[in-house]
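Protein sequences, first through last, are from chains A and B.
Sequential numbering of the first sequence, starting at 1, is according to this note's numbering.
Sequential numbering of the second sequence, starting at 1001, is according to this note's numbering.
It is worth saying that the hints were derived from the structure and are not from the lab.
Just so it is clear, CB atoms sit at the ideal spot from N, CA and C, and this is done for glycine as well.
Some clues are possibly wrong.
Quick look at which bits of chain A chain B covers, simulated, 3 or more residues with Cβ under 8 angstroms [as the list claims (entries may be wrong)]: (1) 37-49; (2) 59-70.
Think about it this way: if two alpha-carbon atoms lie no more than 30 angstroms apart in a straight line, the pair counts; the simulated BS3-like pairs of lysine-lysine are [stated by the list, open to error]: (3) A:LYS9 with A:LYS71; (4) A:LYS71 with A:LYS19; (5) A:LYS19 with A:LYS52; (6) A:LYS22 with B:LYS1069; (7) A:LYS36 with A:LYS19; (8) A:LYS44 with A:LYS19; (9) A:LYS9 with B:LYS1069; (10) A:LYS9 with A:LYS40; (11) A:LYS52 with B:LYS1069; (12) B:LYS1003 with A:LYS36; (13) A:LYS19 with B:LYS1003; (14) A:LYS36 with A:LYS71; (15) A:LYS19 with A:LYS67; (16) B:LYS1069 with A:LYS36; (17) A:LYS9 with A:LYS67; (18) A:LYS36 with A:LYS67; (19) B:LYS1069 with A:LYS71; (20) A:LYS9 with A:LYS41; (21) A:LYS41 with A:LYS52; (22) A:LYS22 with A:LYS71; (23) A:LYS9 with A:LYS44; (24) A:LYS52 with A:LYS67; (25) B:LYS1003 with A:LYS40; (26) A:LYS9 with A:LYS52.
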Amino acid sequence: DTAVSQTPKYLVTQMGNDKSIKCEQNLGHDTMYWYKQDSKKFLKIMFSYNNKELIINETVPNRFSPKSPDKAHLNLHINSLELGDSAVYFCASSQGPIYNEQFFGPGTRLTVL
Amino acid sequence: DAKTTQPNSMESNEEEPVHLPCNHSTISGTDYIHWYRQLPSQGPEYVIHGLTSNVNNRMASLAIAEDRKSSTLILHRATLRDAAVYYCILRAPLNAGNNRKLIWGLGTSLAVNP
């Protein structure tokens, strides 16, 4: 079983569309994260949830809205997609916000045309 | 946020030790030093972390300078599977509020020759 899974793996869409990326972890972890990795391979945190509560919210356009229906899921909804949103998005989880080891999903490659 | 500096790339031969350096001269006294690696087309994978003392685990060893301004990740015997980008990251402790996030740099791309 995959510990942290994301769907879809690839997402190609037009500018202006709205899309969602889903993430699920079966590790029983309390904390989940969304990261964005740009074309230069620079990885930047976007959001973090602990027990469904938002604990980290970086300077991200409000077109990005995370939703955590339960501890095992953290979805990312993106409105009005722009060319600059093209990147690989990684979901991750950790046992708690103070635990050092984060487990990453395989990533979702988003291409905005 | 304190930042890290790593060489862009390094090369090693299979079954030889590899020393991956990292400078973090602006580290604060309570920042943890983390190492992750990212294999091609995969998500990052935790390798090791430490605060002041050297650390060992099944994957690698972490040597931390006495002044904590630099650290070195040591792979004792490189394998082809170790070819990846290695990230040295600092993390503030939980009581730093929102700043407990990981601050990622661009990492070192390690090539392993057979």
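To see whether the hints hold, each was checked on the structure:
1. 37-49: holds (count 7)
2. 59-70: Coverage by chain B is violated here, the residue count being 0 at a Cβ distance below 8 angstroms.
3. A:LYS9 with A:LYS71: holds (22 angstroms)
4. A:LYS71 with A:LYS19: Distance ~22 angstroms between LYS71 of chain A and LYS19 of chain A Cα, so the pair holds.
5. A:LYS19 with A:LYS52: holds (21 angstroms)
6. A:LYS22 with B:LYS1069: The given pair, whose Cα atoms are some 39 angstroms apart, is violated under the 30 angstroms limit.
7. A:LYS36 with A:LYS19: holds (15 angstroms)
8. A:LYS44 with A:LYS19: holds (20 angstroms)
9. A:LYS9 with B:LYS1069: violated (39 angstroms)
10. A:LYS9 with A:LYS40: Measuring from Cα to Cα gives roughly 19 angstroms; hence the hint holds.
11. A:LYS52 with B:LYS1069: violated (36 angstroms)
12. B:LYS1003 with A:LYS36: holds (18 angstroms)
13. A:LYS19 with B:LYS1003: violated (33 angstroms)
14. A:LYS36 with A:LYS71: Holds, at roughly 21 angstroms.
15. A:LYS19 with A:LYS67: Since the Cα atoms of LYS19 of chain A and LYS67 of chain A sit roughly 13 angstroms apart, the hinted pair holds (cutoff 30 angstroms).
16. B:LYS1069 with A:LYS36: holds (28 angstroms)
17. A:LYS9 with A:LYS67: holds (19 angstroms)
18. A:LYS36 with A:LYS67: holds (16 angstroms)
19. B:LYS1069 with A:LYS71: violated (37 angstroms)
20. A:LYS9 with A:LYS41: It holds: about 17 angstroms lies between the C-alpha atoms, which stays within 30 angstroms.
21. A:LYS41 with A:LYS52: The hint holds at about 28 angstroms.
22. A:LYS22 with A:LYS71: The given pair, whose Cα atoms are some 13 angstroms apart, holds under the 30 angstroms limit.
23. A:LYS9 with A:LYS44: Measuring from Cα to Cα gives roughly 19 angstroms; hence the hint holds.
24. A:LYS52 with A:LYS67: holds (8 angstroms)
25. B:LYS1003 with A:LYS40: Since the Cα atoms of LYS1003 of chain B and LYS40 of chain A sit roughly 17 angstroms apart, the hinted pair holds (cutoff 30 angstroms).
26. A:LYS9 with A:LYS52: Satisfied, since the Cα-Cα distance of roughly 24 angstroms is no more than 30 angstroms.
Hint check: violations occur at hints 2, 6, 9, 11, 13, 19; the rest are consistent with the structure.
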